[in-house]
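Novice: Could you put the whole structure together from the sequences, leaning on the hints where they help?
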Amino acid sequence: MNFKIKWENLCAFTTIKYPDFSLTTEKIIFLNGPSGCGKSTLLKIINGTLTPFAGKVFLDNQEISTLDPIYLRRRVILAEQSVYLFSGTISDNFRRFHQYRKTPAVSQEKCQALLDICGFSFNLEESCDSMSGGERQRIFLAIALSMEPEVLLLDEPTSAMDSALAHIVMGNIIKYCRAHNTPMIIVSHDLELSNTYADEIIRLEGKP
Amino acid sequence: MNGVADITITNFLLIYLLLLIVLVVMKLCHIGQSKLLFVASLRMTVQLIIAGFVLMFIFKNPHPVFTIAYIIAMIAFATHRVISKNKWLNKSFRWAIFGTMALSGVSVLAFFLLAIVHQNLFNPQYAIPLSGMIFGNAMTGLNLGVKTFHDNLESEHLQIETLLNFGAEPKQILLPFVNNALETAMLPTLNSMVGMGIVALPGMMTGQILSGTLPTTAILYQIAMMIVICTVLCLSVFGSLYLGYKTLYNERAQIIFPQ
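Residue numbers (my numbering), protein chains in the order written: chain A, 1 to 208; chain B, 1 to 259.
Just so you know, these hints were derived from the structure itself, not from any lab. Keep in mind the model is a prediction, meaning the values are calculated, not measured. Among these hints, one or two may not hold up.
Stated by the list, open to error - Below, simulated DSS-like cross-link-like pairs (lysine-lysine); rule was C-alpha separation at most 25 angstroms, straight line: (1) A:K102 / B:K35; (2) A:K6 / A:K17; (3) A:K110 / A:K175; (4) B:K147 / B:K85; (5) A:K102 / B:K246; (6) B:K171 / B:K91.
Specialist: Dropping the structure here:
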């Protein structure tokens with residue numbers, strides 16, 4: 001069977017061991033576990049910004065350490081919990097992130113459509129500088145989606161939103177990713193969110 | 001024009017009274033740096049006395065080896081100062097600083113001595129004091145540039161991580177930090193060039209005029225030296241940071257944040 005993402009005997013540092021896992025296209029996986037159990041670290045290992053202490057991660061049956069790291073990260077996008085946006089308007093932010101990636105700019109219509117998915121109805125020329133944490137988080141998620149990832153890794157993507165909004169935004173994003181055959185691995189402390197949307201939940205244990 | 005007036009030791013010692021004024025102001029303003037003022041004054045005095053005697057010896061016994069040794073000592077000391085103020089620098093980055101400062105400083109000095117003033121490259125009367133000005137300014141510029149680079153990397157940690165996660169190349173991410181640090185390092189020199197001759201008569205020109213050189217000759221030296229300093233500062237900061245930033249990421253394009 002072809003797996004999109006798979007890891008075997010994976011260890012981060014010497015203390016954190018991950019259970020072997022395989023992820024097929026379209027699947028939505030939630031990672032749960034206590035603080036410090038290595039959830040965010042796992043996401044960093046999968047998109048190659050961190051090298052594991054031991055074990056292997058495969059993307060489309062190719063070990064990720066054999067892939068060009070930039071090529072890997074462009075396919076496996078990681079949106080971390082801490083949101084970074086450039087100073088300026090929403091459309092500036094879409095443009096600048098794509099400029100850094102050397103990818104073509106995204107059309108205004110597409111930006112607007114992705115913002116709608118993330119439950120955001122502001123004008124693209126609105127400045128991000130004075131927005132609330134929740135608003136910035138949604139813009140950040142829309143930008144991540146605009147990169148058309150093959151795999152989307154989200155670390156606490158709704159941490160700055162209230163529960164009702166978190167459900168709407170996650171529901172929309174998951175629906176969008178399913179429609180585009182984009183598997184997702186999501187780190188979340190919100191058990192209700194995990195139980196509602198996960199195809200599978202990986203429970204990581206704390207350090208021994 | 002007369003030559004410079006001699007200062008007797010007794011008269012010279014009076015100058016230290018001015019430091020008492022500085023000390024009083026520092027005490028009144030609760031600046032707890034009296035010890036530093038004392039150490040700095042003492043070190044300056046001792047170091048300059050030693051330099052004076054060493055230079056007297058070298059001028060009396062001019063030999064290329066002495067000139068080269070003196071210049072190497074200056075470069076080593078300047079590098080040491082930059083490194084000791086920026087302990088986060090890794091080994092390769094430190095070599096980049098030493099190499100670019102030495103290469104840019106010596107090449108521009110050689111150009112100045114050989115092409116502009118037509119002097120022997122190893123003439124200690126020219127090579128040593130000019131090197132002092134060149135490497136002293138390069139050191140200040142490098143300190144400022146390297147510190148700015150590091151401070152910005154720290155404050156923009158989140159930007160860097162996010163861009164990496166989104167698939168931007170480390171080069172693409174870090175180069176703007178190099179450019180920004182270079183600009184910051186160059187600004188004091190550029191600003192001092194703007195005010196030169198109006199706000200201040202620079203040290204070299206003042207020294208030459210005091211020792212009897214015609215002001216018209218002194219300004220030519222000063223203009224040339226300011227351009228030399230600006231060039232060496234630009235080359236050494238740019239070279240150090242340009243070679244240095246490449247030591248901050250590995251072959252897996254993971255940025256190793258300096259601690």
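Novice: Determine for every hint whether it applies to the structure shown.
Specialist: Now for the hints, and whether the structure bears them out:
With a C-alpha separation of about 54 angstroms, the suggested pair K102 (chain A) and K35 (chain B) falls outside the 25 angstroms cut-off, and the hint is violated. A C-alpha spacing of about 15 angstroms is found between K6 (chain A) and K17 (chain A), which places the hinted pair at or below 25 angstroms, so the restraint holds. Pair hint K110 (chain A) plus K175 (chain A) holds up; C-alpha atoms about 16 angstroms apart against a cutoff of 25 angstroms. The hinted pair formed by K147 (chain B) and K85 (chain B) meets the criterion: a straight-line CA distance of about 8 angstroms does not exceed 25 angstroms.
In summary, the hint linking K102 (chain A) to K246 (chain B) is supported, as the alpha carbons are separated by about 20 angstroms, within the 25 angstroms threshold. With a C-alpha separation of about 20 angstroms, the suggested pair K171 (chain B) and K91 (chain B) falls inside the 25 angstroms cut-off, and the hint holds.
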